[in-house]
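Please build the complex by placing chain B on the supplied structure of chain A, with the hints as guidance.
One-letter residues, chain by chain:
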Amino acid sequence: MNKIKCALIGSGNIGTDLMFKLLRSDVLEPVWMVGIDPNSDGLKRARDKGLKVTHEGVDGLLPHVEADGIQIAFDATSAYVHAENSRKLNELGVFMVDLTPAAIGPLCVPPVNLGDLAKATPMNVNMISCAGQATIPIVSAVGAVQSVEYAEIIASLSSKSIGPGTRANLDEFTFTTSNAIEKVGGAKKGKALAIINPADPPMIMRNTIYCEVEGEPDREAITRSVKDMIAQVQKYVPGYKLVNGPDFDGNRVAVFMEVAGLGDYLPTYAGNLDIMTAAAARTAEMFAERILDGSMELKKLEPAQ
Amino acid sequence: MTSESVIQQKVKSGLEGRKVKLHDMSLRDGMHAKREQIPVEMMVKIAKGLDAAGVPYMQVTHGAGLGGNSIQHGRALASNAEYISAVAEVVKQAVISVLLIPGLGTMKELEEAYQCGARSVHVATHCTEADTSPQHIAFARKLGMDASGFLMMSHLNSAEGLTEQALLMESYGANTVYVTDSAGAMLTHEVTHAISMMRDALKPETEIGFHGHHNLGLGIANSIAAIGAGATRIDASLAGLGAGAGNAPIEVLAAVCDRMEIETGSDTFALMDLAEDVVVPFTDHVVRADREALTLGFAGVYSTFLLPAKRAGERFGIPARDILVELGRKKMIGGQEDMIQDTAMTMARQRGLLKESA
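Chains as they are written, first to last, in our numbering: chain A, 1 to 305; chain B, 306 to 663.
Isolated chain A, as found in the complex (with noise of 0.2 Å):
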């Protein structure tokens, strides 16, 4: 079968980790990884599964992306450098896949609202953050019972599975998932809190979602509704699992996760990277199914003036 051929920008953690997964993808094929590191671990990786690499960043990457027939790119670096990276390739007619919390395209959260985007044809899709991708389905699986007035997640991570650029950049993940709850998760206030905990041997991602609905909590409906939801997310990600919950307090909904990954690049505590990165790849698959029975076409989109 025919298959897209891709991009990777940035070799860290979730760079690294999405690179596994798109190898397995039937319509996918990472052709290039892009770092600025040339000793870093995610290039040699790439370098031993068959990946053209670079180390000087994105514009190591744009001579290439014709001649390579490069359709889509995903960038995993950081917020500051994502506009300027997204802008050189969309200008190349290739469709971005955002991990950064720069979030200047549409958000995704594939059984949330990829279907919906799809349609639009956007040329850039941002995949919020591992804790939005993590909770904003539960919210959003409440909300279709009852409306959600306030919204509040907290997201433990493990410090190991914790890059130096999310560290340096907690505030951006912190705006970019709290704005994100309402804007995708339908909720009316959202608030994202973040911890990062050090236990050794790493403790696995962990979820609570806190949800204040207006009126009685329908608990029957609720409970279906979000049971309902973890099985489409347990499509793409097998290790999301209901711990404690749906407990009912009030008109307070909480909700207990745990997320392991499938251990590809960093062992299975960093569910955080494969909510991430198994997103992402389920996105990219989507379009790229469009992009294949044509009925998506990529435009170079006209430098800006």
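In case anyone wonders, no lab produced these hints; they're calculated from the structure. There may be inaccurate statements among the hints.
No more than 25 Å apart at the CA atoms, straight line, and that leaves these computed lysine-lysine pairs for DSS-like [unchecked claim]:
1) A/Lys3 to A/Lys299
2) A/Lys3 to A/Lys300
3) A/Lys52 to A/Lys88
4) A/Lys88 to A/Lys160
5) B/Lys615 to A/Lys160
6) B/Lys660 to A/Lys241
7) A/Lys183 to A/Lys227
8) A/Lys52 to A/Lys227
9) A/Lys5 to A/Lys119
10) B/Lys326 to B/Lys397
11) A/Lys189 to B/Lys413
12) A/Lys5 to A/Lys44
13) A/Lys160 to A/Lys189
14) B/Lys326 to A/Lys183
15) A/Lys241 to A/Lys227
16) A/Lys160 to B/Lys635
17) B/Lys636 to A/Lys227
18) B/Lys615 to B/Lys660
19) A/Lys52 to A/Lys5
20) A/Lys241 to B/Lys635
21) A/Lys241 to B/Lys636
22) A/Lys3 to A/Lys52
23) A/Lys227 to A/Lys88
24) B/Lys413 to A/Lys188
Far from chain A, by Cβ distances over 12 Å, these chain B residues were calculated [claimed, not checked]:
25) Arg323
26) His431
27) Arg593
28) Val630
29) Gln646
Glycine is no exception: its CB is placed at the ideal position from the N, C-alpha and C atoms.
The following block gives chain B in isolation, referenced to the frame of chain A:
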């Protein structure tokens, strides 16, 4: 303003003449002990008293700091901006500080606190995660604020590890770095060891602070040990009002400093009066090393977990001490309050008390 001690030291401590800045925590850590329910008027009253007693720094925010108003950390009676503004209006000499835990509070909220009158900040990270604080420390310094790096749950790191983390915070611009005994689990010789090592490694102009909790009854002893090892800033609170068994009681600390001829610049009798006449009648429970608070210190658990663990224990029929020990075993840290209910539910199911299975 130091009160004259009526009795002389029989043997000199060697700390005579040391200058120490007291940093009051009643209106921040004390919020935990009051389930975040301190009215603005009470904050103003206590702040006036502290200011008049010559206490140079006082922290004013939700117990979890900026961004703390939440389901996770409880909702306070007023916003941080309201609390800070009200206190800023009445203090004459004291510097108002705030707590900021990256991942919860943001630079946006720090700027707002600054505009309300805060001029000092504790930027707090877990004791191994200092590298989540560079943005916030740098931003505080850019605003012209006094910035402390606050290494929470310090008992979970070695002296070498704490020193390494302190150097990182210093490199981001922190002018003070704290050893923060959030669990009240540090022993006196451990405080001495950690602060001595930090003192040798940090620049001479970088100050060292100590923030104690009284869970093992060592709040004062550890603070004095910290001063002995070179700390010049000590966090404490009126009648110990704070999470767990509370902080080092500031009136007791001031009295001990007077006896030891350590200069705090604060009026000990005024602090004693404020603690006894204003704070103690206002407390909901006696802040002391009761069974659960002692468990925090013994098992090395974040002091703030105390009251939520008691609540979850009652709701799910599990003794709070069992929950706290389990949280300690799972190495849960500050900010993971959601894991208290989660742990209580899991334990309740294991004990056949909770049918509903996930």
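Those earlier numbered hints the structure runs against, lowest number first: Of the numbered hints, 4, 5, 8, 13, 14, 17, 23, 26, 29 do not hold.
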